[in-house]
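With the hints as constraints, model all of the structure from the sequences given.
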Amino acid sequence: MNDFTDIEDELKKLQPRLTSSELLGRIERDLVDLSDEKIIRPDRFRMNWLSLGIGLAAAAVVLLFVRLQSDHPSRPEPLVATNSPVPATRSTIAPAAFIPEGATQVVYHTRDEGLHFPGGSQEPMRRVRSRTRETLRWHNPTTGASLRVSYPTEQVELIPVSGQ
Amino acid sequence: MENVTTHEEWKSVFSQLAPGLVLFARQWVRTSADAEDIVQEAFVKFWRRNHKIDNRALLYATVRSVALDLIRRDSRRARRETAAFADLEQVVEPQFCDENESQHALALAIDRLPHEQREVLVMKIWNELTFAEIGEALGISQNTAASRYRYALVGLKKDLQPQ
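Same order as they appear, the protein sequences are chains E and Z. Residue 154 in the working numbering is what sits at position 154 of the first sequence, and the numbering runs on without skipping anything. Each number in the working numbering comes from the position in the second sequence (counting from 1) with 1000 added on.
Derived from the structure by calculation, the hints contain no laboratory data. Quantities reported herein were computed from a predicted structural model and do not represent experimental measurements. Where hints are given, some of them may not hold.
[As the list claims (entries may be wrong)] Facing chain E, a subset of chain Z residues (Cβ under 7 Å, in silico):
#1 V1022
#2 Q1103
#3 H1104
C-beta: ideal position from N, C-alpha, C; glycine also.
As structure tokens, this is what we get:
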């Protein structure tokens, strides 16, 4: 107990005036507007990071593939441009995810650099350098958004020359 | 930080806090309508910054900040409010409801308190903040908040003593 109990009790008997009924409605309207803003902004943010992540992952896979191909020479194909069909795995992907739509490889320059003996090889090999541009495309059927990653590549092929 | 309170929860929380918040805001303005405008702006600002609703010290600090900003923004209004503080007996609207004669005298005595004591009293009695929360909201120590409260009660008792 303190000396102020009586005055504190008197003070607590005083009731603040009630707020107007409009105040709650006004704040509610402001908060609804605010929540609309909040819904849009994070989604846009996530979309950008998702796109960036998929793009970087795809680029890394393709670079790895190109590197492996250049390490294991094969017979050159007279391929100038290819277009891959849509993969059949579309139905297994989550609806919110991007699905691959196709890939294009355009060879825009090829140069025959002649015969070489790479790595102390006893047999000559023909070295062909080609420059291409590869484009990968994804599509999100839920949002209608599409994503395209395009990058240049340079490929060196060593072709065994059959001895006569 | 994500605001953990849903839109339905804020209504019940706000309904409980609203009379005390408006009373708190009334210290800087002369009408309930102006005080409600301050509370509205402060509450939305508080919500926009994703503060937790149970952080009452910050909520009252926001109300205080909005009220002071409002006064600074409008110099004519500031002069009016200064005049109001200087002439505290001239209360335009009663701040409390259902007052009898003794309660009316008490309400007038509250208005005559120094401003820094009255705001601590309002936060403590009608908003039930702890001294720690009051200190945090006002940027003062817990002990200073308790001292101001004690001075306010002493002042009221003295003011209400029969001459």
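Taking the hints in turn, this is what the structure says about them:
no., hint, in the structure
1, V1022, "5 Å, holds"
2, Q1103, "6 Å, holds"
3, H1104, "10 Å, violated"
Hint compliance for this structure: hint 3 alone is broken.
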